[in-house]
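**Student:** From first to last, the protein sequence lines are chains A and B. Under the numbering used here, the first residue of the first sequence is numbered 931, with each subsequent residue one higher. Under the numbering used here, the first residue of the second sequence is numbered 35, with each subsequent residue one higher.
Calculated from the structure, these hints are not laboratory results. It should be emphasised that the depicted structure is a prediction, and the values quoted were computed from it without experimental measurement. Ideal Cβ positions, reconstructed from N, Cα and C, are used throughout, including at glycine. Hints are supplied without guarantee of correctness; some may be wrong.
Under the rule of at most 20 Å between Cα atoms (straight-line distance), these lysine to aspartate or glutamate pairs were calculated in the EDC-like manner [stated by the list, open to error]:
1. K1243/A x E1290/A
2. K130/B x E93/B
3. K1243/A x E1272/A
4. K45/B x D173/B
5. K130/B x E1334/A
6. K130/B x D1062/A
7. K151/B x D172/B
8. K130/B x E1330/A
9. K151/B x E140/B
10. K130/B x E150/B
11. K130/B x E1291/A
12. K130/B x E1191/A
13. K1180/A x E973/A
14. K130/B x E971/A
15. K1180/A x E1333/A
16. K130/B x E1290/A
17. K151/B x E137/B
18. K130/B x E1305/A
19. K130/B x E1292/A
20. K193/B x D145/B
21. K45/B x E254/B
22. K97/B x D58/B
Among chain B residues calculated to face chain A with C-beta under 7 Å, some are [unchecked claim]:
23. V108
24. V129
25. R237
26. S240
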Amino acid sequence: MTALDQISVETIQAGQPDWRAAQIAEALAAFHAQEVPSGAEEEWRYVELDFDLDVLTLAADPGPAMAPGPFLKTALDGAAGRVQIIDGRVVDVALESADVTVKRLAEVDRIETAAPVDRDKFAAAHLAFATDGAVVTVRPGAVVEAPIVVDVQATQAGTITFPHLEFSVGANAQAGLIVVYRSPEGLEAVVVPDIVLTAQDGAQLRFMSVQGWAEATTGLAHQRLQLGRDATGRIGEVGLGGKVARLDLKVDLEGAGSSAEVVGVYFGEDNQTLDYRMTINHIGRNTTSDVFMKGAVEDHAQSVFTGLLRIEKDAVRSSAFETNRNLVLSENAKAHSVPNLEILCNDVMCGHGSSVGPLEEEYIYYLQSRGISRERAERMLVRGFFSEVIERLPIDTLAEPIEEAVFSRFTQAQEEGRLS
Amino acid sequence: MTLALQIENLKASVDGTEILRGVDLQVPFGEIHVVMGPNGSGKSTLSHVLTGNPEYRVEGSAKLAGTEILGMDVDERSRLGLLQAFQYPTEIPGVKLGDFVREAAEERGLDLDEVEKRIAEAAERFGMTDFLDRSVNDDLSGGEKKRSEIFQLAVLGPKVAILDEIDSGLDIDAVRQVAEAVEAMRSPDMAVIMITHYARILRYLSPDRVHVMLDGRIVESGGPELAEQLEQGGYEAVRARLGIEAPKTPEPELPKASDFFTDTPFDR
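Sequences and hints are given; from them, build the entire structure.
**Tutor:** Written as structure tokens, this is what we have:
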């Protein structure tokens, strides 16, 4: 296989329509023009990418599918549809709802991406190399109760793959979509997903991703939510896996009266880096946003949260709030939390709060004073800490396995004596 | 006969400052004792030291129903039967009051059917029914927090209940309510130690003994009439009568629970 850097523009363009060939040429030029980002850049601070892009290859064909895990099993139960993307290729589509259509990239005449090609080298790589993907559309006015489930897998070592997903909920329609990311244990690979979420005027979009990459897999996702007039977008992010797992999320509140909520929970162990970069962009008037992220890190893991609330000049009477709370459970674990405001308009309500620290001794003392052992008090507090955010996830079908996954990480760390 | 609580020469210091300077106190089962004293006399320290707050360096002896508790972990003492209603009850985000008392009851080995019954009764009695599904003390008013403390004690059934300033921050109706609740808890299997610096709650309560605490010691003990004397003459009169000089240096500010809070407006 040819390394990514050696692939000629003609090779990728082969068989593509003219509009796409031109796009590929432009994206590939942007890819070559940029360096692999490093922690020296503010946007990538604290993040160390330890793979060599020159030796990674594209996957020739999708590998064999992994058996469903606990998240996927639960999510698929009663789902309105299923899309399976393996190593960047759509391998299976099954729909239960007539209100939903799924097209592959070869069938569309326009590709949307979450980030422009100059965002970073990986955003450019995605647009250049993503040859397949799913464009999921919900008919205007339709109410699709059950979620559509997208099973995204990376299965081949030494590859870099580009899962592509667009999810568009038509005007005044309501629908939800769950993405479950997985890779087999020990798989060294890089995955660069790109997800574009669109809620048309008056639509209610729900989206959740459960990031369960294997611990040797690197995931660098770009994701964008754009909202039309009076549209609502609710996003849930669950971060568990990955060596480095990054989510670069942009929310554009374009339509007047639109609102967005981003709720997230993450738990880092071993040497993981869980990296969340968010920009919430209030463009239309009377828009509201609320970001609520909670995470824990133990052992040598680190987490990063940067959240910029940006209120543009015309976004009068908007409100924007963001909260990020972190439990640092081991001496060598780290959580970085940087909420930020950029307000170009006077008539707004904004606020942010952030905290980083161990479990409160004050709380433990109180629980112990009722006869509860220290270990049990810690478990109750951790469960309580996360239950506040898990309860607010936009699609509740996965609440139980998520709570279980988060909680078992904690009890394991506790039993193995890694807490300090 | 075994005493519910027997304290001998109890000393406690924090950061090298001695706050309790040899407290002696005996509380038999079935009795309600009141410990009164001015701010900084060491009353709250006494309750925290008995509960087992690890911030204090402690010497002396404190026996709960005959068992030495100094040196035990906080939870161990509690399971043995010591429960404190805190002056500043901590807000515990995400832990629901109902689940909390259930888990606490379970750790004490109580019969769980019996516990459900007690929860229902006590919640009704102290107006906590609507709070069982809410986080412990979260967003509660001062009075509601105090009621929540009494509710927890009523469910868990202590041998020794320490009520630290249970009457502070309450309006007069709430004070009466709390006092009635304390009287209602009175049983031959339990002792109550009520710590306060106001006599007003004693209007609705019939304590067996009143103790006066000054400068980290109990300096006088007597019947309920002692509280009335205090109400009239104040603590300075006690000093004058007993010939105790006021300490030369002002007492250090005691740490309060509120010193540890890191609330921001966006906590939820």
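**Student:** Now tell me, hint by hint, if it's right for this structure.
**Tutor:** Comparing the hints with the structure gives:
no. : hint              : verdict
1   : K1243/A x E1290/A : violated (41 Å)
2   : K130/B x E93/B    : violated (36 Å)
3   : K1243/A x E1272/A : holds (11 Å)
4   : K45/B x D173/B    : violated (36 Å)
5   : K130/B x E1334/A  : holds (18 Å)
6   : K130/B x D1062/A  : violated (47 Å)
7   : K151/B x D172/B   : violated (24 Å)
8   : K130/B x E1330/A  : holds (18 Å)
9   : K151/B x E140/B   : holds (14 Å)
10  : K130/B x E150/B   : holds (15 Å)
11  : K130/B x E1291/A  : holds (18 Å)
12  : K130/B x E1191/A  : violated (25 Å)
13  : K1180/A x E973/A  : holds (13 Å)
14  : K130/B x E971/A   : violated (43 Å)
15  : K1180/A x E1333/A : violated (26 Å)
16  : K130/B x E1290/A  : holds (17 Å)
17  : K151/B x E137/B   : holds (15 Å)
18  : K130/B x E1305/A  : holds (18 Å)
19  : K130/B x E1292/A  : holds (17 Å)
20  : K193/B x D145/B   : holds (17 Å)
21  : K45/B x E254/B    : holds (18 Å)
22  : K97/B x D58/B     : holds (11 Å)
23  : V108              : holds (4 Å)
24  : V129              : holds (4 Å)
25  : R237              : violated (29 Å)
26  : S240              : violated (27 Å)
Hint check: violations occur at hints 1, 2, 4, 6, 7, 12, 14, 15, 25, 26; the rest are consistent with the structure.
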